[in-house]
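Protein chains: 2
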Amino acid sequence: MRPVAIIGIGKTNFGAFPDRDLRSLAVEAGEKCLADAHVSPSQVEAYYLGNFAGPSFVGQNHLAPYIAGAMGITGVPCTRFEAACASSGSAFYHAVSSVAAGLNDVVLVAGVEKMTSQTTPKVTEILAGAGDTCGEVRAGATFPALFAMIARRHMYQYGTTREQMAAVAVKNHENGAKNPQAHMRKIITMEQALKGKPISEPLTVYDCSLISDGAAAVLIAPLERAAEFTGRPVKVMGIAQTSDYVALDQKDDITTFRAVVAAGQKAYKMAGVTPKDIQFAELHDCFTIAEILATEDLGFVKKGEGGPYALAGCTRLTGPLPINTSGGLKSKGHPVGATGVGQICDLVMQLRGDAGERQLARHSLCLAQNLGGSGATAVVTILGAL
Amino acid sequence: MRPVAIIGIGKTNFGAFPDRDLRSLAVEAGEKCLADAHVSPSQVEAYYLGNFAGPSFVGQNHLAPYIAGAMGITGVPCTRFEAACASSGSAFYHAVSSVAAGLNDVVLVAGVEKMTSQTTPKVTEILAGAGDTCGEVRAGATFPALFAMIARRHMYQYGTTREQMAAVAVKNHENGAKNPQAHMRKIITMEQALKGKPISEPLTVYDCSLISDGAAAVLIAPLERAAEFTGRPVKVMGIAQTSDYVALDQKDDITTFRAVVAAGQKAYKMAGVTPKDIQFAELHDCFTIAEILATEDLGFVKKGEGGPYALAGCTRLTGPLPINTSGGLKSKGHPVGATGVGQICDLVMQLRGDAGERQLARHSLCLAQNLGGSGATAVVTILGAL
Numbered sequence: 014m015r016p017v018a019i020i021g022i023g024k025t026n027f028g029a030f031p032d033r034d035l036r037s038l039a040v041e042a043g044e045k046c047l048a049d050a051h052v053s054p055s056q057v058e059a060y061y062l063g064n065f066a067g068p069s070f071v072g073q074n075h076l077a078p079y080i081a082g083a084m085g086i087t088g089v090p091c092t093r094f095e096a097a098c099a100s101s102g103s104a105f106y107h108a109v110s111s112v113a114a115g116l117n118d119v120v121l122v123a124g125v126e127k128m129t130s131q132t133t134p135k136v137t138e139i140l141a142g143a144g145d146t147c148g149e150v151r152a153g154a155t156f157p158a159l160f161a162m163i164a165r166r167h168m169y170q171y172g173t174t175r176e177q178m179a180a181v182a183v184k185n186h187e188n189g190a191k192n193p194q195a196h197m198r199k200i201i202t203m204e205q206a207l208k209g210k211p212i213s214e215p216l217t218v219y220d221c222s223l224i225s226d227g228a229a230a231v232l233i234a235p236l237e238r239a240a241e242f243t244g245r246p247v248k249v250m251g252i253a254q255t256s257d258y259v260a261l262d263q264k265d266d267i268t269t270f271r272a273v274v275a276a277g278q279k280a281y282k283m284a285g286v287t288p289k290d291i292q293f294a295e296l297h298d299c300f301t302i303a304e305i306l307a308t309e310d311l312g313f314v315k316k317g318e319g320g321p322y323a324l325a326g327c328t329r330l331t332g333p334l335p336i337n338t339s340g341g342l343k344s345k346g347h348p349v350g351a352t353g354v355g356q357i358c359d360l361v362m363q364l365r366g367d368a369g370e371r372q373l374a375r376h377s378l379c380l381a382q383n384l385g386g387s388g389a390t391a392v393v394t395i396l397g398a399l
Numbered sequence: 014m015r016p017v018a019i020i021g022i023g024k025t026n027f028g029a030f031p032d033r034d035l036r037s038l039a040v041e042a043g044e045k046c047l048a049d050a051h052v053s054p055s056q057v058e059a060y061y062l063g064n065f066a067g068p069s070f071v072g073q074n075h076l077a078p079y080i081a082g083a084m085g086i087t088g089v090p091c092t093r094f095e096a097a098c099a100s101s102g103s104a105f106y107h108a109v110s111s112v113a114a115g116l117n118d119v120v121l122v123a124g125v126e127k128m129t130s131q132t133t134p135k136v137t138e139i140l141a142g143a144g145d146t147c148g149e150v151r152a153g154a155t156f157p158a159l160f161a162m163i164a165r166r167h168m169y170q171y172g173t174t175r176e177q178m179a180a181v182a183v184k185n186h187e188n189g190a191k192n193p194q195a196h197m198r199k200i201i202t203m204e205q206a207l208k209g210k211p212i213s214e215p216l217t218v219y220d221c222s223l224i225s226d227g228a229a230a231v232l233i234a235p236l237e238r239a240a241e242f243t244g245r246p247v248k249v250m251g252i253a254q255t256s257d258y259v260a261l262d263q264k265d266d267i268t269t270f271r272a273v274v275a276a277g278q279k280a281y282k283m284a285g286v287t288p289k290d291i292q293f294a295e296l297h298d299c300f301t302i303a304e305i306l307a308t309e310d311l312g313f314v315k316k317g318e319g320g321p322y323a324l325a326g327c328t329r330l331t332g333p334l335p336i337n338t339s340g341g342l343k344s345k346g347h348p349v350g351a352t353g354v355g356q357i358c359d360l361v362m363q364l365r366g367d368a369g370e371r372q373l374a375r376h377s378l379c380l381a382q383n384l385g386g387s388g389a390t391a392v393v394t395i396l397g398a399l
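For the protein sequence lines, the chains are A and B, in the order given. Here the first sequence is numbered in this note's numbering, starting from 14 and rising by one per residue. Here the second sequence is numbered in this note's numbering, starting from 14 and rising by one per residue.
Check before you lean on any hint, since a few could be wrong.
The list treats identical chains as one, so a pair stands whether inside a single copy or across any two.
[Unchecked claim] Below 20 Å or equal to it, Euclidean Cα-Cα: the simulated DMTMM-like pairs (lysine to aspartate or glutamate) are: (1) Lys248 / Asp367; (2) Lys282 / Glu58; (3) Lys208 / Glu187; (4) Lys289 / Glu318; (5) Lys316 / Glu176; (6) Lys279 / Asp118; (7) Lys279 / Glu58; (8) Lys199 / Glu370; (9) Lys199 / Glu176.
These aren't lab readings, by the way, just hints derived from the structure by calculation.
With the hints as constraints, model all of the structure from the sequences given.
Structure below.
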């Protein structure tokens, strides 16, 4: 397999954009990305698009050639990948694999979602389609309820507290306030987070990520060709996608996501690194408890220690392992299909030293974790500066 | 790249199954396929699923791990591919590419759609999502209207007649009547076909494919390992996926699908064969005119000669180039996401000599063409017996 490099990135702002349609968001991200790498549409050999539920949110399907055509990309494979909230993580995994294997050279990978044109109850219903609609969803459990059960069990089993979860929210809002592309640039206090409106106890509105519109894109190529396009390529050191059962009741233990553990182990092995080597990470904080689980499942701390680790400030910009310097799904926003590739863009900005106010001092090795549903899909990527 | 073999196939019947849910159909096809190849779920290294609109038809998304988990397949990449009516053709393309490139060995590829739980107007609306909803669909053009425009132009430009289109329907019903797994096993006469209820003139109900439920699956592996699993492997000799603009008004000429022409040329080149070498084919007859276009675009006849070729009986079981011996989308049924992999299963049955009443005498080299929307995605596959 050939080493693969990221040679360009492009993102729209994440937010609520009533005047923008889905296609225009994806085209903006894609064109920014091509410009970043000085690549023309005719050089793109394949278009891999992550999108969770465009047909349900805006009625448009067949999105890959629809968006690619608007950028002048035709005559190449254009495919949409769907794996719930890990849709563009999955697109990225398949695209990287195709370049590594020598199937393609220059591939544009993107993610997009346009959610805010629907009411919140309708969005919740569409998102619930990523759970088991014949089981848990029919019983009334939407995603906040599923993650509330996970949180309750984690609290019971490991003594995790509401303050520890709130610390994740406070930290992610603090980071997002410094990110000019974030959806909600608002600092919140621990007191506010704890007094948030209950959504599904113990989760308050401050434990839940945002409903957003947005798109992100990255351009990849064989590392050996990277210098043709950019002076600052980033290397994909390890990547893995794996799966588990969809329904919570099929899992032996709901305080750990088996798929995240397995994808992490594979990605570490491929990269030849250990969790201790990772300097910073973008983790899938669809709910605050999910960031705590990921911190544990990826081996950054032992099981049960994710909450105290967050409360102690270890994952802040100034801590030993900054997590979600972008603001995460909580503050940057969570346009579902765009999230996986958006994480990659955020990591690349740090690796390049382009993260502005959020820039870290140590920025040469990092990790992204993208989650689908309540853990049925996981994609873990490890990136390194060159 | 390594040669790739099909080592197992499995299909449900296609039809209207009010008592079956989407997952049970996909599981039935997958389990039949694994049994056909004597492979256990734990041997499957990846699950590639084609599905067009499960979330819109039945509310369930995140389908790949949802279905895989029900078959006992976890801990591996499980991904849904969407490319309109070419969704499972696209899944097959990506899966074959991954095995050819050495990324995977044993991969299960499937397609599924459950359509009949919705009313016909609702199905038509969901299908329209594969067109340009901001343009042609907003103007009122659903797929029968789009293909009616294509038919009208083909009639104007090449003198194609309603009798020639009806000949496609009569032939496909004749073949489907011999297929125990077909949705509508009913012989129709030319007179009936011509007097069918108008849907979008010049197309009558007999020019349109069926709204069906169904699933299909194939198992692939490197050719060098095929003998471990089966005594009668089939070789994937050539395969290509390509794209074009979604909207009809963006195409220079609507009597030809550029993506089909390009995918065909790539697949022929990869296989080292010409159209003359192909003994039989499964072509994407979502409408009768689409089969005529495909016959021309794939080089079996010159442009404009597809209609006379069909009317002369050349594509019947007894003709020089039997097309859609399964009955095609017209009679076998068109559960959109299952169609691409379903075509592959039908070809493998012929190659193995297992096609019963429809069995052809010459059955060593054949082609499948799977179309997305009004030509924005095309997948062409060439298979050979060993």
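Quiz prompt | List of violated hint numbers, smallest to largest | solution = none
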